[in-house]
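The listed protein sequences derive, respectively, from chains A and B.
Residues in the first sequence are numbered from 1053 upward in steps of one, following the numbering used here.
Residues in the second sequence are numbered from 3 upward in steps of one, following the numbering used here.
To be clear, the hints were calculated from the coordinates, so they are not data collected in a lab.
Do not take every clue at face value.
Claimed, not checked - Capping the alpha-carbon separation at 25 Å, the derived lysine to any residue pairs in SDA-like fashion look like this:
1. B/Lys127 with B/Met110
2. A/Lys1083 with A/Arg1093
3. A/Lys1083 with B/Val92
4. B/Lys127 with A/His1089
5. A/Lys1083 with B/Thr134
6. A/Lys1083 with B/Ala125
7. A/Lys1083 with B/Met3
8. A/Lys1083 with B/Ser99
9. A/Lys1083 with B/Ala136
10. B/Lys236 with A/Ala1091
11. B/Lys127 with B/Trp153
12. B/Lys236 with A/Arg1093
13. A/Lys1083 with B/Trp153
14. A/Lys1083 with B/Tyr128
15. B/Lys236 with A/His1089
16. B/Lys127 with A/Val1072
17. A/Lys1083 with B/Ala129
18. A/Lys1083 with B/Lys236
19. B/Lys236 with A/Gln1092
20. B/Lys236 with A/Trp1090
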Amino acid sequence: MNGTDLWTLAVIVGLALVTVLTRSFFFISNKSWQLPHWAQRGLQYAPIAALSAVVVPEIITVQGTLISTWQDARLFAAAMGAGVYFWRRDVLLTIVAGMAVYLPLHLGLGW
Amino acid sequence: MFFLSRLNRHPAFVQGMREVSPQSPGIAAWGLMTGVAMVKSGMSVFEASAMTLLVFAGSSQLAAIPLIVAGAPAWVILATGFCVNLRFVVFSLHLRSFLIHLPRWQRMLHGYLTADISYVLFARKYAHPAETAAGRLEQEAYLAGNDFLNWLSWIVASFAGVALANLIPTTWGLGFAGILCLLGIQCSLASSRMRMLSAVVAGAAAVVAYSLPLKLNIVVAIAVAVILCLTVEKVRPAPGVKA
Chain A
1053 MNGTDLWTLA VIVGLALVTV LTRSFFFISN KSWQLPHWAQ RGLQYAPIAA
1103 LSAVVVPEII TVQGTLISTW QDARLFAAAM GAGVYFWRRD VLLTIVAGMA
1153 VYLPLHLGLG W
Chain B
3 MFFLSRLNRH PAFVQGMREV SPQSPGIAAW GLMTGVAMVK SGMSVFEASA
53 MTLLVFAGSS QLAAIPLIVA GAPAWVILAT GFCVNLRFVV FSLHLRSFLI
103 HLPRWQRMLH GYLTADISYV LFARKYAHPA ETAAGRLEQE AYLAGNDFLN
153 WLSWIVASFA GVALANLIPT TWGLGFAGIL CLLGIQCSLA SSRMRMLSAV
203 VAGAAAVVAY SLPLKLNIVV AIAVAVILCL TVEKVRPAPG VKA
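This is chain B alone, in the form it adopts within the complex (with noise of 0.2 Å):
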């Protein structure tokens, strides 16, 4: 958390600051393509601008978009965004180790800001929790500099986004950049045979069960995936998968 002195006074808040300033244009295009999606995907500025600054986390927002247009009840939007974010569960087990000695809010509140390339970046750098308190110390601030720029980069072009979209005509359908931005994400996740047949399966099945009411198309869609991917490594273990 950038306000600690403890944190944003220590050389290696600086050190994680710099080490994400490369990623920075990127965070910033796609925080600017979000605001842009947002507004043009029909919600209004005031609620494009609470998503901005209380949900930040660019996938589950964007997912959430198209369901809370067609009106799908909160659950639902919920659950999505939700799966959408299960990504973050496998980071926090991770992150666990390097963050469990803090009291529970500044642990809560670092794993809120910690977003995907922010855990990459911080990953690959410490390998192991520190031994020392300096040590905590100086991993705390890494990370804590390091989010402090994405969240930066991320807020200020997401709201330069919003600004913007009333500039473009909705005709030109720049919401599907939202879309691709989705679709980027759910490419780079497909990392093996397993999660392709989960995404094919779950494209395939909320297109069949789109006539469900409530967008429960989405709901089942993730449910008949994960269901059926389940049951397929049960039949026939991936190798490196311990049954």
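Chain A with its partners taken away, still in its complex shape (with noise of 0.2 Å):
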């Protein structure tokens, strides 16, 4: 059983906060305003290179250091991930499929 503790309880709500923010950013003033230009087009660019450095090391790396094999079933999960969702433009195929092949390779064998 995982313990709970009250940290990540303030991490969740803040969290949470950042929800809200995001979600009602601009509707929150009753004064129309707007993000100077350089900001507008940092929107077009932040979210997913915040997606990609999360994810990135996840795929390729032991807690920071490079994977030195090839033999290692998230490799193989994530290109069959990105390979159907380009084919089939569906998050959840992409989760299935990545699964499908990160399943018998993790645990049939050992990967």
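Need the complex rebuilt from these two chains, each delivered in its own frame; the hints are there to steer you.
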């Protein structure tokens, strides 16, 4: 059983506030206003950068050390997942197809 | 908001529910998987439940999990969640003209409850804000019904996932489904070459800077990718982008 701690709960409350802030960002104030141009353009690039920064190390490293073998279930699962996404444009299928590759390699071959 | 009778008694409320219902199994499967991933990555059942009920944003929840488990400082986790959620800031700019006539707490609650799919369906259905009070009420009721079924599908399935997680051995590595989900969302955002550049640079920078303390590699990677893309835009404006 995993333990609960107050710090994690505080982070969760913080993340909830982040959800509220970002989802209602431009209608919190009654006044109409604009972001500076660089920030508007930055909005185009930050979400995908944040996802990639989290995802890539989780696929090609073990605790930050680049994996030195191709016998890693995550590589094949991620390649399959991305391939299926660009084929069918469906996030759910991405997960299903990726796990269909991951589980046999991970559990069957121990990769 | 489903609890306001002026909205849930309006015919558009049911219509909103009906139009999101084909998406409901997909939302539920994603919620189920997020529930399992939260617990299998080391969060307690109470933490996972609180996260489900309060955060209500699958991508920022999943992105936060590895950081929480690694003991990253709160500001790094919140900054990462903020960046992942920046796509909602773009949505909010569009939704503003549809909601600004409401009292602040109501429009913020609508905003909080409107996730990706509800926004997309709403934006597809209503190109412009209504001119009349009756029209505005209809649009609001549609959004509320749409949000309600989306919320319900997500919450119920997430709790089922949290409950189910304890029956599945951790060695199966089901937490990886969360990473695949983020990968899928990442692919869905890769709609231009510049965004792909942003993803490649951020991914490489996050690996190169991994040894930085406090999971700062994430923050550094986002900053490097965004600054680089803005610089490339300046030097070589892409077609269709106003300088």
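Hints and how they fare:
1. B/Lys127 with B/Met110: The given pair, whose Cα atoms are some 21 Å apart, holds under the 25 Å limit.
2. A/Lys1083 with A/Arg1093: The hint holds at about 22 Å.
3. A/Lys1083 with B/Val92: 17 Å, holds
4. B/Lys127 with A/His1089: Status violated; Cα separation ~29 Å.
5. A/Lys1083 with B/Thr134: 21 Å, holds
6. A/Lys1083 with B/Ala125: Answer holds: A/Lys1083 to B/Ala125 is near 22 Å, not above 25 Å.
7. A/Lys1083 with B/Met3: Since the Cα atoms of A/Lys1083 and B/Met3 sit roughly 23 Å apart, the hinted pair holds (cutoff 25 Å).
8. A/Lys1083 with B/Ser99: Holds. A/Lys1083 to B/Ser99 sits at ~12 Å (cutoff 25 Å).
9. A/Lys1083 with B/Ala136: 24 Å, holds
10. B/Lys236 with A/Ala1091: 14 Å, holds
11. B/Lys127 with B/Trp153: 19 Å, holds
12. B/Lys236 with A/Arg1093: 11 Å, holds
13. A/Lys1083 with B/Trp153: 29 Å, violated
14. A/Lys1083 with B/Tyr128: 23 Å, holds
15. B/Lys236 with A/His1089: 12 Å, holds
16. B/Lys127 with A/Val1072: 24 Å, holds
17. A/Lys1083 with B/Ala129: 22 Å, holds
18. A/Lys1083 with B/Lys236: 30 Å, violated
19. B/Lys236 with A/Gln1092: 14 Å, holds
20. B/Lys236 with A/Trp1090: 10 Å, holds
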